[in-house]
Amino acid sequence: MSAMLLNKEKWPDFVGKLTGKTLWAPQGEGEEMRFAPVAEGEAPALEYGNTRVPPKQAVFPQTETMFRFQLGDKEVEVPELKEEAVLLGVRPCDARSMAIVDHLFSWDEDDPYYFKRRELVTLVGLACSEPGLNCFCTSVGGGPGSTEGLDLLMTDLGEHYFLEAVTEKGEALLKEAGDLIEEAGDDQVKEKDQLIEETAGKIKRTVDHEGIPEGIPGLWEDKLWQSVSASCLGCGTCTFLCPTCHCFDIQDEVEGFDARRCRMWDSCMFSEYTLHTSGHNPRYTRRERTRNRINHKYSYFVDKFDVIACVGCGRCVNLCPVNIDIVEILKQVKEAL
Amino acid sequence: MSANYEPNIVAFLCNWCSYAGADLAGTSRAQHPSNVHVIRVMCSGRVNPLYVVNALQQGADGVLVSGCHPGDCHYMEGNYYARRRLGMLKDLLEFAGVDPRRFHMSWVSASEGHKWKEVVEKTVEDAREAGPFEGFKRQQIDW
Amino acid sequence: MDLDKLRETAAEVAARDDVKYLVGWKKGSYGYRVAPAFVENAEGAAELIFTPLCTANLATYLTLVEKLPLPRGQEPDDRKVALLVKGCDSRAVAQLLVEKGIHRDEVVVIGCPCPGMVDPAVLAEKYPETEEPAELKWSDDGFIIAQNGEETAVPREELLAEKCRLCRYPNPVVSDIMIGDPVETWEPAEDEGVTEIEDKDVDGRWAYWQEQFSNCIRCYSCRNVCPLCYCQDCILDRLNPTWVHRSVNFSENTAFNIARAFHLAGRCIECGECERVCPANIPLGKLNRKLAREVRDKYGFEPGLDPEAEPFQASYKPDDPEDFIL
Amino acid sequence: MKTNENPYIPFHATVEDTWFETGGERAIKTFKVVFDDEEVRKNWSHRPGQCAMIGVLGVGESMISISCSPTEGDFLRFSVMRMGKVTQALHQLEAGDKMTVRGPYGNSFPLEEWEGKHVLTIGGGIGQAPMRPVVEYVKANYEKYGGLTMIYGARTSGDLCFKEEFEDMARDDELSCHLTIDIEEEQWDHNVGFVPQVLLDVKPSPDNTIAVTCGPPIMIRFVLENLKKLGFEDDQIYTTLENRMKCGIGKCGRCNAGNMYVCKDGPVFNYATLKEIPEAFA
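Line by line, the protein sequences are chains Z, V, B and E.
Heads up: the first sequence at position 71 corresponds to 71 in our numbering, and the numbers run straight through without jumps.
Count along the second sequence from 1, add 337, and you get the number used in our numbering.
Count along the third sequence from 1, add 480, and you get the number used in our numbering.
Count along the fourth sequence from 1, add 806, and you get the number used in our numbering.
Worth flagging that the hints you see were computed from the coordinates, not collected in a lab.
You may find that some hints are simply not true.
Cut-off 27 angstroms, straight-line C-alpha distance, at most; resulting in silico cross-link-like pairs (DSSO-like, lysine-lysine) [claimed, not checked]:
#: 1; chain 1: Z; residue 1: Lys204; chain 2: B; residue 2: Lys606
#: 2; chain 1: V; residue 1: Lys427; chain 2: B; residue 2: Lys778
#: 3; chain 1: B; residue 1: Lys560; chain 2: Z; residue 2: Lys223
#: 4; chain 1: Z; residue 1: Lys331; chain 2: B; residue 2: Lys507
#: 5; chain 1: Z; residue 1: Lys223; chain 2: Z; residue 2: Lys334
#: 6; chain 1: B; residue 1: Lys547; chain 2: B; residue 2: Lys500
#: 7; chain 1: E; residue 1: Lys891; chain 2: Z; residue 2: Lys74
#: 8; chain 1: B; residue 1: Lys680; chain 2: V; residue 2: Lys427
#: 9; chain 1: B; residue 1: Lys797; chain 2: V; residue 2: Lys452
#: 10; chain 1: B; residue 1: Lys797; chain 2: V; residue 2: Lys427
#: 11; chain 1: Z; residue 1: Lys223; chain 2: B; residue 2: Lys797
#: 12; chain 1: V; residue 1: Lys474; chain 2: E; residue 2: Lys1081
#: 13; chain 1: V; residue 1: Lys459; chain 2: B; residue 2: Lys680
#: 14; chain 1: B; residue 1: Lys507; chain 2: Z; residue 2: Lys334
#: 15; chain 1: B; residue 1: Lys506; chain 2: Z; residue 2: Lys334
#: 16; chain 1: E; residue 1: Lys1081; chain 2: Z; residue 2: Lys223
Have a look at the derived ranges for each label pair, beta carbon to beta carbon [stated by the list, open to error]:
#: 17; chain 1: E; residue 1: Glu990; chain 2: V; residue 2: Asp360; range: 56 to 66 angstroms
#: 18; chain 1: Z; residue 1: Ser227; chain 2: B; residue 2: Leu719; range: 27 to 37 angstroms
#: 19; chain 1: B; residue 1: Ser619; chain 2: V; residue 2: Gly468; range: 51 to 61 angstroms
Glycine included, each C-beta is placed from N, C-alpha and C at the ideal position.
All chains, please: the whole structure from these sequences, using the hints.
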């Protein structure tokens, strides 16, 4: 795939060319960056760590209508998804998480809503230059410059963006840019690789998950689960804000005679998640739920799709109200293996 | 505000006093607006403040809770709890940005047919001034 | 606050055989973070700390325990739970006692007079966290940040958490053991946050809250962190009927936030935890503090001060205000 | 087999006939259901042990095991206990009302492998609903199997499902059928006692036999213990797991017991695999 250069002055024109599609980019200030539609004619400034709510919202919205119907009628009407969107400034870990979640949503049969949105959304990534305090993407197969799941990767080389197309959609974007961009020379390629190398070196937090997928089910009754989950509040923060969490609940909502069946994010840390109507709950306390969350990401998902369902974005570590740290948990698991 | 906007009022009336008062207003032919949908409850103390929030969500433009005058309560203290509880709710709704004219509370005894007429007129007039409630009304089920 | 005395007392209490475990604060896993510590024996007490970053209200762990169904023939372990509490935390314990959420003999309360805590978000913004561990200490007129060898003094006003600027009860109101002598109280600041919103007109207020509630992702951490939100079967989880739909839009989010704030009217002790843990940074505390102010001004009532007091929403006075009643 | 490209859209079906198996607070009602759309009815095929998401539009759906064998005709049968929001709505349906059906989901009993063997079914309360298709299938192809023994129990005679079918099966001397109730009642001439105890009394021989059990978790635990006492090997024993389910197609993530998704890898499990999963008996 071609590698091009875009001078930063021409960035607003490049954004201007992406007409016809809704543009989303991280906006807000300080720690509370969120993906939000870019106003007409504006060019988003891409200086931020990472967004608080992951871009998974673009392909797997928190609440999504599956179909609509009138009470008492038989026909159901599925929403017609056709609005194309371009997400600017997606971090490589978030894009990689979409590639991971694709495995599950295409397991035996495709989830029509998810894949329709995946098709409509183009991911323009921005390589990391300043990793966060709790990023550990390099330990779980990712990296500040990884292109997995992205359509186009941009790397900030000072006055130029280094553009790498990854998929046809990425190539299409570059073609649309036309004369704004020029061929990237060898030394730019070297400069880019060197920058990615440097950034990877800055990542201090590491996870050694060697042997965990096979070994962790054996720690079922280990007391580490009790000590690790003792302070857990059982809230949904770590799962709602995790880019690879994909669990959802399905509910019917009725307003007068209009009704819809919709699905919304759900969390395995809530107790109703597995509560039987009889009152029995296979995961009764937060100890079982924490154990299941870690086992799912580092063992069950690996059994089914042989990839770890964690991209090391660090959100669950940053945002946990009581500082339950997945890196520390995995360290204890590794020691107890 | 559209010309023919007719406010939609939901009223929780305590069975022993206000419901009887409203009934008296009816039997004595007191002319008062008909926008009020009455829900009979056994005591104003029974009204869970979330009924008010839920009513506003489902399309009410104004909510009224009416009970017995302090001291007349069939269950002795139901209206006292309601007064304190719904007083809190009124402050909270106002602070959250809901027009205070949308939520009223009143004491109407079984013999005060005329007072019921005035309370309904005031509630409907306030809701008409405040306009249709958009705030946190549930959106039409679309996408 | 003499840290050795705290650890010594905690070790003693944790070692008692009628105490299951002691809940305190310990150094977090990175940067400025502080995490709740569950100490089950004397040795565990060595990791306990008490610094300006111990903002977490540990009283929530008294009501957050989910009891496993016991296999036949096994007796429930009803030993006490010991708890380190600051001034605001102790008011939560007092309010739980008022509401019979817990019984006095179930808990051992160790009071820590509180000189005022730091707002972690403000701190992380002004003095960005680095990998090296950072210590925070009190000084006579503010705080000292000790990081990789050098110490920087910071004036008190710059980092003091909002809940502490407004605090009227830094000394624990309920305690079995008090560590160190009480701090002298300071003049509570005026609550501009609430007044600022009250001064807006109706549409301005609704615009403000609509924007905030639209960011809510309904993770319920504000509900789960609150020591006084401990209903077994929360109204939000009920499906039959579904009071608050599970779909996330500003209508259901508003209903949720109003329900949560309302259920704390006359009960909230303004410990500020809901605001601290909200991942969408919604100023939830303003809703609660507004109601707390109404309860103080109109009813002359302050929750969580006297364990024998009557619960606000379960009592009444004949001369309660009724100016809003037609 | 599904005709809908969107797996979440259910098929519409009409309740042809419905009757109460048991009354009381936790009543069980059986529905005989036929698909409205001819084309769906034609290419629907399910195997004993599979389940389907049935529900009422506007209320919701719940996963219920299909309690009829494909050999019985092109209708579906569901036995539903009144428990929550959806099952209450289902219980209000009368003959002619509409119901939505989605599926079939899950794996099924490996009846081909069991050919030539003696089949022993052990059911408890509503647990007999997933057992019934096995019994009907074996009865329909009786010559292929080495015999059929049924043990089925419930708290009281009023709680027994499919009573009339058991009455005529008991008269058929080839099938050995053992009904039991927990506590003594007058004109009750079958066994009395818990199902695991009756299993020990019946003492079925383990050689060339397959045991299938389904019922409340406490009963399954003791049945498994007694089956081991009788000399049954782990891989001779099958059971079904039941968890809260929403999607039925492995996407919503909640039905897993250990690394097994009950909706995809189950609900039918061989005890040899189930033994490795501690969460299965949580």
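Quick rundown of the hints versus the structure:
1. Lys204/Z / Lys606/B: holds (22 angstroms)
2. Lys427/V / Lys778/B: holds (13 angstroms)
3. Lys560/B / Lys223/Z: Judged against 27 angstroms, a Cα distance of about 21 angstroms means the pair holds.
4. Lys331/Z / Lys507/B: holds (17 angstroms)
5. Lys223/Z / Lys334/Z: Cα-Cα ~14 angstroms, so holds.
6. Lys547/B / Lys500/B: holds (14 angstroms)
7. Lys891/E / Lys74/Z: This hinted pair holds, its Cα atoms lying about 21 angstroms apart.
8. Lys680/B / Lys427/V: holds (17 angstroms)
9. Lys797/B / Lys452/V: holds (25 angstroms)
10. Lys797/B / Lys427/V: Cα-Cα ~18 angstroms, so holds.
11. Lys223/Z / Lys797/B: violated (52 angstroms)
12. Lys474/V / Lys1081/E: Since the Cα atoms of Lys474/V and Lys1081/E sit roughly 52 angstroms apart, the hinted pair is violated (cutoff 27 angstroms).
13. Lys459/V / Lys680/B: The given pair, whose Cα atoms are some 25 angstroms apart, holds under the 27 angstroms limit.
14. Lys507/B / Lys334/Z: holds (22 angstroms)
15. Lys506/B / Lys334/Z: holds (23 angstroms)
16. Lys1081/E / Lys223/Z: Distance ~22 angstroms between Lys1081/E and Lys223/Z Cα, so the pair holds.
17. Glu990/E / Asp360/V: 56 to 66 angstroms: Given a distance of about 57 angstroms, which is inside 56 to 66 angstroms, the answer is holds.
18. Ser227/Z / Leu719/B: 27 to 37 angstroms: holds (34 angstroms)
19. Ser619/B / Gly468/V: 51 to 61 angstroms: Hint holds: Cβ distance 56 angstroms, inside 51 to 61 angstroms.
Of the numbered hints given earlier, the model fails hints 11 and 12; all others are met.
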